[in-house]
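Here are the chains, one letter per residue:
Number of protein chains: 2
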Amino acid sequence: MDKTLKRMATMQRMQVTGLELFYKKGYYNTSVDDILKELSLSKGAFYYHFDSKEDFFIQIIENLLVRKMYSMLIEPIEGHENTLDLITNCFEEALETAVHNELDFGFVLSNFVNEFNGKNEKIMVHLNDILRIWEANLVSAVQRGKFNGFIDRHVDSEGVAVFLMSSYMGIRTLMVETAPSARKYRFMSQLRQYFKSIEPKGENSLNPNAVFGNVN
Amino acid sequence: MDKTLKRMATMQRMQVTGLELFYKKGYYNTSVDDILKELSLSKGAFYYHFDSKEDFFIQIIENLLVRKMYSMLIEPIEGHENTLDLITNCFEEALETAVHNELDFGFVLSNFVNEFNGKNEKIMVHLNDILRIWEANLVSAVQRGKFNGFIDRHVDSEGVAVFLMSSYMGIRTLMVETAPSARKYRFMSQLRQYFKSIEPKGENSLNPNAVFGNVN
DNA sequence: ACTTTAACCGACCGGCCAGTCTGTAAAAAT
DNA sequence: ATTTTTACAGACTGGCCGGTCGGTTAAAGT
Chain A
5 MDKTLKRMAT MQRMQVTGLE LFYKKGYYNT SVDDILKELS LSKGAFYYHF DSKEDFFIQI
65 IENLLVRKMY SMLIEPIEGH ENTLDLITNC FEEALETAVH NELDFGFVLS NFVNEFNGKN
125 EKIMVHLNDI LRIWEANLVS AVQRGKFNGF IDRHVDSEGV AVFLMSSYMG IRTLMVETAP
185 SARKYRFMSQ LRQYFKSIEP KGENSLNPNA VFGNVN
Chain B
5 MDKTLKRMAT MQRMQVTGLE LFYKKGYYNT SVDDILKELS LSKGAFYYHF DSKEDFFIQI
65 IENLLVRKMY SMLIEPIEGH ENTLDLITNC FEEALETAVH NELDFGFVLS NFVNEFNGKN
125 EKIMVHLNDI LRIWEANLVS AVQRGKFNGF IDRHVDSEGV AVFLMSSYMG IRTLMVETAP
185 SARKYRFMSQ LRQYFKSIEP KGENSLNPNA VFGNVN
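Chains as they are written, first to last, in my numbering: chain A, 5 to 220; chain B, 5 to 220.
Since the hints were made in silico from the structure, they are not lab data. Some hints here could point you the wrong way.
Copies of the same chain are indistinguishable here, so a pair counts whether it falls within one copy or spans any two.
[Stated by the list, open to error] Restricting the straight-line Cα-Cα distance to at most 27 Å, the calculated cross-link-like pairs of lysine-lysine (DSS-like) are:
#	residue 1	residue 2
1	Lys41	Lys200
2	Lys41	Lys205
3	Lys126	Lys205
4	Lys150	Lys200
5	Lys205	Lys10
6	Lys150	Lys126
7	Lys57	Lys29
8	Lys41	Lys150
9	Lys29	Lys150
10	Lys205	Lys47
11	Lys126	Lys200
12	Lys10	Lys150
13	Lys57	Lys205
14	Lys205	Lys28
15	Lys200	Lys72
16	Lys10	Lys126
17	Lys126	Lys47
18	Lys150	Lys205
19	Lys72	Lys205
20	Lys57	Lys10
21	Lys200	Lys29
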């Protein structure tokens, strides 16, 4: 009990500062010693708890990245209100944390995808898992939106999901260096513009039966 | 004359395979010796022509990346035809090379932005230059489109530019691992959808004088 | 009281890698 | 013909970094 508590506490500390440094400086540019120095721990402690640097990172993915992705980008859009509003608010909030230079786990993900792609297949497997979950979740959100009459039922749900993921990951890359707040604002405006274009078309629709109003 | 030719030829070869390897394996994961081995050249040759690995990379940016960006993402949209068509075709082609795993320099850029961001300010300066050029070019293309009546004159040109850059860089990240061809297709569909939403609105426009037809 | 084990320490090893330095062959200059 | 310069070759250095290994301490088990 107590021993596992101690164990967990130390591992948790290592993972938290590990993720922080990996995010800031990159996985390959962060040495295990960098992390240990931050915590005043030794190599022995590290390799007692983890098999390797790679194993360590995979545990970070499973324990921290996955959970945060859920709470920031997945759960917020699972309601039954207007799907497009949910997604808008969700992105708005995620990008706001980005403006304040906090850890934005959607972007951490895209950062790591870029870093490991073609270089470390084992880690990519885990990152791709997260991407798949995110995508599946967006797809079903769009389908729900179509069913509830918030989205035109002719739009391609998969397409919308891919487009949303793309633009989100892209804007995060662009926001890192130059005028994050202004870029966030412009991005969100255009996103709303795009969302308007996939709402059910009222009067000039080719199939009037597609729409049955905005139920609340 | 002859000597400078020889010099240029060797430097060119180094830069070309340098970019190739940096792109495939990342800057920090590619040693100078890796590049030299590929060319059967020695350390002496390398440090005779370049001051450092960093200097080498900056020259690659200036000589190869910038030029290719121009020819692939900038010049193709400088015409006076329908701006949205030009951009569509341009993205279509750039993504097609990506599907075939060739060097797509727009993505190389986003890749490097991710790799160097927060780690190497000196290199980031050069990469940000390219981003600014790309952005400025997209902005003026949109403004031209508004002037020529292909784009609604109420849209925010900067916003469109940021949105386009974001989504392009994002889709390239997503295309790297999973189903690139399918994702490209879906992305392009949604891009067209978005473009439709920023075309001049005909009948239900608040200001009918905004449109004067599709001049050719 | 003793043994065991969990948790951690820190010196050390081997490999890699950016950059240096000495040398050298051929071309160019004089 | 001699000197100088260009364009390399390749051995070497110093530092970093992932991982190992033989301790050590304190708590838990018996």
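Between the shortest in-copy and the shortest cross-copy C-alpha distance, which are at most 27 Å for Lys200 and Lys72: within, between, both, or neither? neither (29 Å within a copy, 35 Å between copies)
Under a CA distance limit of 27 Å, which applies to Lys41 and Lys205: within one copy, between copies, both, or neither? neither (59 Å within a copy, 60 Å between copies)
Identical-chain pair category, Lys57 with Lys10, by Cα at 27 Å: within (21 Å within a copy, 45 Å between copies)
Please work out whether the CA atoms of Lys150 and Lys200 approach to 27 Å or closer within one copy, between two copies, in both situations, or in neither? both (14 Å within a copy, 20 Å between copies)
Please sort Lys72 with Lys205 into within, between, both or neither, judging by C-alpha distance up to 27 Å. neither (36 Å within a copy, 41 Å between copies)
Under a CA distance limit of 27 Å, which applies to Lys200 and Lys29: within one copy, between copies, both, or neither? Result: close neither inside a copy nor across copies, 39 Å intra and 41 Å inter.
My question is about Lys41 and Lys200: at a cut-off of 27 Å on alpha-carbon distance, are they close within one copy, between copies, both, or neither? neither (51 Å within a copy, 55 Å between copies)
27 Å Cα threshold - placement of Lys126 relative to Lys10: neither (29 Å within a copy, 43 Å between copies)
Same-copy or cross-copy closeness of Lys10 to Lys150 [CA-CA at most 27 Å]: Neither: 49 Å inside a copy, 64 Å across copies.
Between copies, within a copy, both or neither: which fits Lys57 and Lys205 at Cα up to 27 Å? Cα proximity of Lys57 and Lys205: none, with 53 Å in one copy and 56 Å across.
For the identical chains here, do Lys126 and Lys47 meet the 27 Å Cα criterion within one copy, between copies, both, or neither? Result: close within a single copy only, 24 Å intra versus 33 Å inter.
Which holds for Lys150 with Lys205 at a C-alpha limit of 27 Å: within a copy, between copies, both or neither? Answer is both: 12 Å inside a copy and 25 Å across each meet the 27 Å cutoff.
Checked against the numbered hints given earlier, the structure breaks hints 1, 2, 3, 5, 6, 8, 9, 10, 11, 12, 13, 14, 15, 16, 19 and 21 and satisfies all the rest.
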